[in-house]
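Enquirer: These protein sequences, in sequence, are chains A and B.
Numbering-wise, the numbering used here comes out as the position in the first sequence, counting from 1, plus 1363.
Numbering-wise, the numbering used here comes out as the position in the second sequence, counting from 1, plus 362.
There's no promise every hint is true.
Straight-line Cα separation of at most 20 Å, SDA-like style, residue types lysine to any residue; simulated pairs [stated by the list, open to error]:
#1 B:Lys375 to A:Leu1567
#2 A:Lys1486 to B:Met394
#3 A:Lys1577 to A:Arg1558
Bear in mind the hints are in silico, worked out from the structure with no lab data behind them.
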Amino acid sequence: MAPDVPLEGTATSIEGRALRASWRKVLPERVITVIMVLCTMMSVLTTVGIVLILLFQSLPFFGEVSFIEFITGTRWTPLFQSKHFGVLALVSATVLIALLSMFVALPLGLLSAIFLSEYAPEKVRRIVKPVLEVLAGIPTVVYGYFALLFVTPILQSISEDIFVFNAMSASIVMGVMILPMVVSLSEDAMRAVPRSLREAAYGLGATRLEVSTKVVVPAALSGIVASFILAVSRAIGETMIVTIAAGQSPNFTFNPFVPIQTMTSYIVQVSLGDTPTGTLESRTIFAVALVLFVMTLAMNLLSHYVVRRFREEYE
Amino acid sequence: MALMTQGEFARRKQRRVMKGRIFYGLCLLAVMISLGMLGVLLFKIGLDGYARLSWDFIVKDIGIDWNWPFLHIDWAGPSRKPEEAGFGVALVGSVYVVGIAGITSFVLGVAAAVYLEEYAQRSGFSQAIRINIANLAGVPSIVYGLLGVEIFVRMMELGRSVLAGGFTLALLVLPLIIVASSEAIRAVPSSLREGGFGLGATRWQVVRHLVLPQAMPGILTGVILAVSRAIGETAPLIVMGALTFVPFTPGGPLDKFTVMPIQIFNWISRPQKEFHEAAAAGIIVLLVVLLAMNALAVFLRNKFQNRLEG
């Protein structure tokens, strides 16, 4: 559509007359429309800008480092004398933390959502939901503090072998951070299940547990799965908790009790240092960010797809 | 199928009821743990930071000398002593950066929402923009930092300044503001618009005098929530190049800056216990600011609801 002819398409006859009546009236209309189109384009430009910057800064990097070595190597030492560019060391740490955090967020989130949707009286819901919103609004740097100075000392008191920086502490706190999101989205999906379905099951003599797990959860499954996928995506892109609590050592390991480095905390590490711009080292963060961007975008698209493809429609 | 005896039926029913009770207990426990976490977190931070928190800690570095629109601040000089570290530089930095981000994203976001809701047809173009906005909201915040460092710091040559930081955060919260504003505009009854058109108003006059005033409380609620998200953002500003140690509060839009979460991050990453206490005290200040903003948003939302009902 042509944005500089705002009124034609939708014009009623009254608008049409007003349009002919006076240029003084029409001119500001057009100027304002153009301004608004420009503002709307900002969101498109943001996307284009992100993609172009990541691509153009990564391309020279892949000119010097083989793409195959980048995505299959397991040693990541771009800031050392002997350079290795195996991004799997960072990806494995990111995936490890995302998966471990789901062990916290998934059971707690699903059970809490079932409680809020199926068991809790309206009064309780009205208190619990805003409190969870508060939990969701806490800045991630605060969670980082909590992980490093509360959870880690507790873990260390259990076993002496656990390092100060470790994936476990970051994952537990990450799980708490994404919990409100899982609860809120899953509960929305469960509440969208029509009452008649529940009443039919109760009418057949089912208990509340049976209604919850055999009727409501299966009917809302697409929404619940989508909320899990979005939560994983959040955990992959999260920065401050892992930077503060999980360490800065790129290890290709799935041991959660040693220091590791995720993609996001590598980007922070380089940004905090004084790597000169235009060098290979400074371009590594764009290549890493490209991997991060592709991973989170894929997860987000997947969650939209799950909702659309597997939604159970009840009329 | 074999018929069940009375006793068998009663036994099975009792077992199902028992299972249900256990499950209820588990659900209740899950909610308790979720809420308990918030309690433990707040308690831990309160315990650590309480002793350090004082009026002096917050305002020590801010010597007020009004030089509109920026406060010019004289400061005795940077203190690296843990027990003297103050929060004023970061607090003022946050106000400037988030102020710029809030104003920029408000203007861009509301204009985009008005265009999408009131002007654009539900065509491929506006549909594509909606999908784009939904996907932008899922981009990790750290990637916006890289966008900011390339566009604002290097291409527009703003340097690692308050202005560059504000613009970076503005792009970050823009999708939130567009979505919230769109919802607020959509909630305005169409009879209002039709009345306006019936009186011969142009589309912009209808938007300016009828739709926007009605939608404004809802829009402002969304803006406040988006701004409170911006206040807590750390990663994009670190990547954009905000410094972790800044001795002076910014005196102009092109000055270097630090913000509250970055200052907290800086204190956490030091080994001394005194800095950790300062970090906890800083977190208390940050959370109080966020709580106040959320309360304001809830207040506006309630007022808005009353008006629609009344």
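Enquirer: Could you run down the list of hints and mark each one as holding or not?
Expert: Each hint tested on the structure:
For the given pair, Lys375 (chain B) sits about 13 Å from Leu1567 (chain A) by alpha-carbon distance, which is consistent with the 20 Å threshold. In summary, the hint linking Lys1486 (chain A) to Met394 (chain B) is supported, as the alpha carbons are separated by about 16 Å, within the 20 Å threshold. For the proposed pair Lys1577 (chain A) and Arg1558 (chain A), the alpha carbon gap of about 14 Å is at most 20 Å, so the pair holds.
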